[in-house]
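> Residue strings, one per chain:
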Amino acid sequence: MTIIEANGLTRTFRAGRQTVAAVRGVDLRVQPGEIVGFLGPNGAGKTTTLRMLTTLLQPTSGTARIAGADLRTAPREVRRRIGYVAQYGGTDPSALVDEELFLQARLYRIGTGPAGRRVAALLAQLDLGGLGSRPVGSLSGGQRRRLDIALGLVHEPQIVFLDEPTAGLDPHSRNNLWEHIRRLRDENGTTVFLTTHYLDEADALCDRILVIDHGRIVAEDTPANLKRQLAADVLTVDVAGDPDAARRLLAGLPGVRQAAVTGTGGLQVTLADGEQGIIDVITTLAGAGLGVRALQLARPSLDDVFLTLTGRGLRDDPNGPTSPIPTTEGVEHVHAR
Amino acid sequence: MSMLVDILLVFQRHARISLRSPIWIIIGISQPVAFLVLYGPLMTSTLSITGVPAERAWQTYVPGVLVQLSLFGSAFVGFGVIAEWRSGVIERLRVTPVSRVALLLGRVLRDVVLLLVQAVLLIAVAIPLGLRASVPGVLAALGVVMLLSLGLACLSCALALTVKSEDTLGPTLNTGLMPLLLLSGVMLPMSFAPRWLDLVSRLTPFRYIVDGMRSAFQGDVLSTTMLSTALIALGIAVLSVLLGVRTYLRQSA
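Chains as they are written, first to last, in our numbering: chain A, 655 to 991; chain B, 1189 to 1441.
What the hints contain is simulated information worked out from the structure, not anything from laboratory work. Glycine included, C-beta positions come from ideal geometry on N, C-alpha and C. One or more hints might be untrue.
What the hints assert, rightly or not - Listed next, with one range per pair, are the computed distances between beta-carbon atoms:
#  : chain 1 : residue 1 : chain 2 : residue 2 : range
1  : A       : Q672      : B       : L1430     : 50 to 58 Å
2  : B       : R1204     : A       : E929      : 20 to 28 Å
3  : A       : G767      : B       : S1190     : 18 to 26 Å
4  : B       : G1358     : A       : H826      : 24 to 32 Å
5  : B       : R1320     : A       : G770      : 21 to 29 Å
6  : B       : V1301     : A       : T962      : 33 to 41 Å
7  : B       : M1191     : A       : Q685      : 18 to 26 Å
8  : B       : A1203     : A       : N879      : 48 to 56 Å
9  : A       : R726      : B       : S1190     : 17 to 25 Å
10 : B       : L1430     : A       : D875      : 48 to 56 Å
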């Protein structure tokens, strides 16, 4: 059974007399219990697609079934079955943590008794115990984010949509949040559909990645496969000796895709597998009597994957930084009123 | 039924947040008192120069302040709506099965209740200062001013979600409300106005609201003036609620 199934979703916005197609035909399938990462440069149609899937925006054309309910004809039923956590959350700084959660539960028609128990359980589950009576504004970034997620989980949805769940969090909080997201799937079988800018996040969390660009899905695979196909590890070597001789030596190694001398006399080696390759490089150079002064291994970043896939970086934004408001994609923000 | 529960839930949320803000409560209480104490004596003595007895002066002034409170209290609800839209609260609520209409009505209900509390306070403070008024008349006037608040708050919410910018909302409200307020005769009764100004004022809705409420305070509850006032207030409320609902139902609002 497919839990999210979208066929030919499109969305156009009117900008004055012009029509801008933000999403040009998205087909996607997600299986129950999957953690899927949805990636794309700014303006690629990522947020628009997410907002369509979560009933916030009506598709111009196309169909979708979310958790068995039709997006167009039964949006209210879809809302009952999904949880959505927006990029910048959705809490009032002066509201109290448990009040926000309790209200959210009541809006899903959970009775007052069960709602109270559900709030207590969620506070414990997301390490927010003891913070119930605090104003939201007094929480740390990580706590606030966990509250946002708790709000999306109040009604135990079958699917939860997370928009940039760890953007702006410190490394410790990010790891902690990943743990919670994993547990959500492992313990409750919740399907997770998330957008992210970070490859390490997609790597750590996602079973599968969907890449969107210019309003269409352009790649769809496991993170490992995507990286293998679309980007490689790059090793920069500072050789104590003739870099050109070193280059000739290394170019013949089986794991080396490419070796080049940079303008500053360093050596740049592109490797299929950085961890294995780094050992081969050192031993080969040592065997030839060439010393190594310094080594630096650069893992492929999502930017690299994107550069290969879309010809632009993931965070390329010709219009400058986007403003911190719920609809961040330039086109939508201006025209989707 | 389900919608009523939703309205109540949304109302409770806003009421709780407001009640926890001391500044909000202080402003809410001090506003009506300031109007009475700082401007009331000036107004009544000005009226007494023209031969209006003190009792009649208070019956003229207090309904005017009620309308003014309603106008400024509810018209600026939109600022809160923009803040909520920006913080993502509105979007978060829109992804729940809550009725969109309840999101609007629950929101503005808080302001209608606030106005009622302010109005009762205003009248209570005005009595020792010299206000004497017909009880049914005061009740009828309260009903009218609550309808007015409901309507204006809905309009403000609709406008806020359309412009989505405080910088646009503020000047728009001021530009729209200031002439309406001046022409309504809130400051001084329009009977003092030159004929042309009086005529212009008769083209604006608040003029009738203020006139009707004044005559109600004087005891003419079942007069035609009061009836047309009630109908105008009802019309404003119905149209504004419909407009607000339309805005809230729109997909990306």
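> For each hint, tell me whether it holds in the structure or not.
Hint check:
Between A/Q672 and B/L1430 the Cβ separation comes to about 32 Å, which falls outside the hinted range of 50 to 58 Å. Between B/R1204 and A/E929 the beta carbons are some 55 Å apart, a value that contradicts the proposed interval 20 to 28 Å. Between A/G767 and B/S1190 the beta carbon distance is about 19 Å. The supplied range of 18 to 26 Å therefore holds. A hinted range of 24 to 32 Å for the beta carbons of B/G1358 and A/H826 is inconsistent with their spacing of about 42 Å.
Taking the beta carbon of each, B/R1320 and A/G770 are about 50 Å apart, not inside 21 to 29 Å as hinted. The given range of 33 to 41 Å is broken by B/V1301 and A/T962, whose C-beta atoms sit roughly 59 Å from each other. About 37 Å separates the C-beta atoms of B/M1191 and A/Q685, a value inconsistent with the hinted range of 18 to 26 Å. Remark: the range hint 48 to 56 Å for B/A1203 to A/N879 is upheld by a beta-carbon distance near 53 Å.
Restraint check, A/R726 to B/S1190: a C-beta distance of roughly 22 Å satisfies the suggested window 17 to 25 Å. Between B/L1430 and A/D875 the beta carbons are some 50 Å apart, a value that agrees with the proposed interval 48 to 56 Å.
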